[in-house]
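Protein chains: 2
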Amino acid sequence: MTIAEQMLELAQAAKDASRVLANLSTTVKNELLESMAAGLEEAAPQLATENAKDLSAGREKGLSDAMLDRLALTPAVIQGMADGLREVAALPDPVGEISQMTRRPNGIQVGRMRIPLGVIGIVYESRPNVTADAAGLCLKSGNAVILRGGSEAFHSNQAIGKVLQAAMEKHDLPAAALQVVPTVDRDAVNELLKLEEQIDLIIPRGGEGLIRFVSANSRIPVIKHYKGVCHTFVDVSADLTKAEAIAINEKVQRPGVCNAMETLLIHQGVAQTFVPQIVKAMQDKGVEIRGCERVQELAEGVVPATAEDWPAEYLDLILAVKVVDNLDEAIAHITEYASLHTEVIVTESYQNAQRFLREVNSSVVMVNASSRFSDGNQMGLGAEIGISTTKLHSFGPMGLEDLTTRKFIVMGEGQVRG
Amino acid sequence: MTIAEQMLELAQAAKDASRVLANLSTTVKNELLESMAAGLEEAAPQLATENAKDLSAGREKGLSDAMLDRLALTPAVIQGMADGLREVAALPDPVGEISQMTRRPNGIQVGRMRIPLGVIGIVYESRPNVTADAAGLCLKSGNAVILRGGSEAFHSNQAIGKVLQAAMEKHDLPAAALQVVPTVDRDAVNELLKLEEQIDLIIPRGGEGLIRFVSANSRIPVIKHYKGVCHTFVDVSADLTKAEAIAINEKVQRPGVCNAMETLLIHQGVAQTFVPQIVKAMQDKGVEIRGCERVQELAEGVVPATAEDWPAEYLDLILAVKVVDNLDEAIAHITEYASLHTEVIVTESYQNAQRFLREVNSSVVMVNASSRFSDGNQMGLGAEIGISTTKLHSFGPMGLEDLTTRKFIVMGEGQVRG
Numbered sequence: 008m009t010i011a012e013q014m015l016e017l018a019q020a021a022k023d024a025s026r027v028l029a030n031l032s033t034t035v036k037n038e039l040l041e042s043m044a045a046g047l048e049e050a051a052p053q054l055a056t057e058n059a060k061d062l063s064a065g066r067e068k069g070l071s072d073a074m075l076d077r078l079a080l081t082p083a084v085i086q087g088m089a090d091g092l093r094e095v096a097a098l099p100d101p102v103g104e105i106s107q108m109t110r111r112p113n114g115i116q117v118g119r120m121r122i123p124l125g126v127i128g129i130v131y132e133s134r135p136n137v138t139a140d141a142a143g144l145c146l147k148s149g150n151a152v153i154l155r156g157g158s159e160a161f162h163s164n165q166a167i168g169k170v171l172q173a174a175m176e177k178h179d180l181p182a183a184a185l186q187v188v189p190t191v192d193r194d195a196v197n198e199l200l201k202l203e204e205q206i207d208l209i210i211p212r213g214g215e216g217l218i219r220f221v222s223a224n225s226r227i228p229v230i231k232h233y234k235g236v237c238h239t240f241v242d243v244s245a246d247l248t249k250a251e252a253i254a255i256n257e258k259v260q261r262p263g264v265c266n267a268m269e270t271l272l273i274h275q276g277v278a279q280t281f282v283p284q285i286v287k288a289m290q291d292k293g294v295e296i297r298g299c300e301r302v303q304e305l306a307e308g309v310v311p312a313t314a315e316d317w318p319a320e321y322l323d324l325i326l327a328v329k330v331v332d333n334l335d336e337a338i339a340h341i342t343e344y345a346s347l348h349t350e351v352i353v354t355e356s357y358q359n360a361q362r363f364l365r366e367v368n369s370s371v372v373m374v375n376a377s378s379r380f381s382d383g384n385q386m387g388l389g390a391e392i393g394i395s396t397t398k399l400h401s402f403g404p405m406g407l408e409d410l411t412t413r414k415f416i417v418m419g420e421g422q423v424r425g
Numbered sequence: 008m009t010i011a012e013q014m015l016e017l018a019q020a021a022k023d024a025s026r027v028l029a030n031l032s033t034t035v036k037n038e039l040l041e042s043m044a045a046g047l048e049e050a051a052p053q054l055a056t057e058n059a060k061d062l063s064a065g066r067e068k069g070l071s072d073a074m075l076d077r078l079a080l081t082p083a084v085i086q087g088m089a090d091g092l093r094e095v096a097a098l099p100d101p102v103g104e105i106s107q108m109t110r111r112p113n114g115i116q117v118g119r120m121r122i123p124l125g126v127i128g129i130v131y132e133s134r135p136n137v138t139a140d141a142a143g144l145c146l147k148s149g150n151a152v153i154l155r156g157g158s159e160a161f162h163s164n165q166a167i168g169k170v171l172q173a174a175m176e177k178h179d180l181p182a183a184a185l186q187v188v189p190t191v192d193r194d195a196v197n198e199l200l201k202l203e204e205q206i207d208l209i210i211p212r213g214g215e216g217l218i219r220f221v222s223a224n225s226r227i228p229v230i231k232h233y234k235g236v237c238h239t240f241v242d243v244s245a246d247l248t249k250a251e252a253i254a255i256n257e258k259v260q261r262p263g264v265c266n267a268m269e270t271l272l273i274h275q276g277v278a279q280t281f282v283p284q285i286v287k288a289m290q291d292k293g294v295e296i297r298g299c300e301r302v303q304e305l306a307e308g309v310v311p312a313t314a315e316d317w318p319a320e321y322l323d324l325i326l327a328v329k330v331v332d333n334l335d336e337a338i339a340h341i342t343e344y345a346s347l348h349t350e351v352i353v354t355e356s357y358q359n360a361q362r363f364l365r366e367v368n369s370s371v372v373m374v375n376a377s378s379r380f381s382d383g384n385q386m387g388l389g390a391e392i393g394i395s396t397t398k399l400h401s402f403g404p405m406g407l408e409d410l411t412t413r414k415f416i417v418m419g420e421g422q423v424r425g
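Protein sequence lines, in the order shown, are assigned to chains W and G. Plus 7 on top of the position in the first sequence (first one is 1) and you've got my numbering. Plus 7 on top of the position in the second sequence (first one is 1) and you've got my numbering.
Think of the hints as simulated: they come from the structure by calculation, not from any bench. Be a bit skeptical, because a hint or two may be false.
Each computed DSS-like pair below joins lysine-lysine, with the alpha-carbon atoms no more than 25 Å apart [said to hold, decoys possible]: (1) G:Lys-414 with G:Lys-22; (2) G:Lys-169 with G:Lys-60; (3) W:Lys-234 with G:Lys-22; (4) G:Lys-22 with G:Lys-169; (5) W:Lys-234 with W:Lys-22; (6) G:Lys-414 with W:Lys-414; (7) W:Lys-201 with G:Lys-234; (8) W:Lys-234 with G:Lys-414.
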């Protein structure tokens, strides 16, 4: 069997299984997730054995310590997967929700019912815990899932997949509803991305290279975000104590993630005070400041910013800082350089807060709060399957509901069209 | 300038203009739509002159009477465009709606605000009234729009576009927010479909060939439906008077449209009575019946159905009829052959109605009502921009809301992440 035939067979089996998944009761899905969690806990020794194969191959290949760290299935990571599945079980089931039911003039009732998407493909990189985390969210929302992790985590992902499939079988459910692609062949991804008749959605999780590859090669809709170039604007009316606390949190608390701030915009009316204050506070935390000319004039030790700094996603203790004349210039700068991830205004002005919320069309827009809250868990989605910075279907952090769609339902009493 | 450069310039201008459109008040948008309506009424003589060029070229090219009919800008069609724009003005504006606002444990408020998608591309065939109808819906929802109609309607579409752009300019709005592609060159469509950085959504409107072409060649998300193979299942508990009225309405009232019924499934428990009854009623209306063996046994003048009849979209006075053993077989048949458009059950059983609504995952699922209601206007969307039988973003008839997305908004009081 060629790789193409193998992937078609796998995806068709997932599609067939998705019809069973779509009609499971919430109780059965929750019991399944609990069995999966217990299964992972029980299988911890075997998972560690399989993971050791990946770690040893990774060391031979010369993977960095950071990569080996992401790859490791420590007892804490395994417990985290089990806990995560139980947390997903505790979330409300989005499937079956009926909304917007109205009665039309002719008496028919028209509304919407939430249903699973069908088959979701997850393409991800080194962290094997994604296998369980993503599977849990897909199954809870009634979808079948095809998981394709990085080759360096192959044995770990296969082992996790087997444990999860054993739980499916224990509940007499089709194991094809949860499949880990059983080959490291790179062509497998290319073939999967063509199967638009079998797979409803592809979610890539990883670096920009992976996401661009998936997006460029997929015939299936892809939900994605490339990067997070998050801006914070300190308005003339800002409470500068709040502004400093928010900016420091956004830049320093975890600089390597997509919801960290990359560019700080400061209103000229507070620049005299706030530029020296925030530059010193950032420098005390080890942050390199790359500033526009006005910032260079107002503070010490500022690296001159170049054209490359404004669109940059540093993912590091580096911050671009620019003084702007007013809110309009701040919004114009954001409109030009934003990656549509998260933008923040710090202001005490009702009108400017309203304008910023309305006119900045990134996926998350905040007033007086840290961009680090831009996260499915923090914003109340319960768990996050990914984040979308493209506007179709979902925009922003994605939870269970984003793995569903709504069909129309109509209830009549024999009405016909005149 | 090459076609590629020309399309990029046009699309970039649309993107720039979309930022102005996104922030217009509802009042301004409604006044604009009224000006457009009045403009079309005043320009009726010029529109007729330009339309005459298309009609005469069409006659020379040997277009069928039906095609010439679709192409004609009669006074009634022009009035229809103006009335349509006024109806869109009267619809509620979806932009700015705030929903799901909740307070998180740390006190930040998190909700969603509805915003336009940005730039919408409409690719359509011969009816020039689509130019005004689609433009009205895109503008009301705050989107810029690029319209590309069929070459046979080129002069008509250009003339309508000029009238609509004049109204934009009258209100000091950027005319680039509404552009009719100014060339019949086929490459223009290919180039537009590549511009994923400028255009947010493509909606093709026309025959299956056009839709497949657009879908296969677009790098931009496409919302589409290929065809409507709608099923009606007459359950054992059906009120057979209702069943006959519904089935006749679905097949005969307007057989050439996508929400007409193509296959009738009949429960064996009522086949003895209902098969002869409905076959005769259909034949009296000029409908050709293609039946399974059991249908052939129970009624006169039935053409034997072949394997090609079950997936067929006849769009004509032809109906496939099959007797099934029970609801399960009906659902299995629908799952295998449905185009995910519209499926109907006629039943007096509460349980079977519930099962059908839950288990049939087409975009519109009905109980005891004609499939002919599967339409944005009939179902209360106000106006229809298209219909989607793919599940991402929209599923089923699409109205103004489907031309928008939702961003997250967060309102804090200085909170930072711990």
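Comparing the hints with the structure gives:
1. G:Lys-414 with G:Lys-22: This hinted pair holds, its Cα atoms lying about 18 Å apart.
2. G:Lys-169 with G:Lys-60: Judged against 25 Å, a Cα distance of about 16 Å means the pair holds.
3. W:Lys-234 with G:Lys-22: 21 Å, holds
4. G:Lys-22 with G:Lys-169: 19 Å, holds
5. W:Lys-234 with W:Lys-22: 31 Å, violated
6. G:Lys-414 with W:Lys-414: 22 Å, holds
7. W:Lys-201 with G:Lys-234: 21 Å, holds
8. W:Lys-234 with G:Lys-414: Answer holds: W:Lys-234 to G:Lys-414 is near 17 Å, not above 25 Å.
Checked against the numbered hints above, the structure breaks only hint 5 and satisfies the rest.
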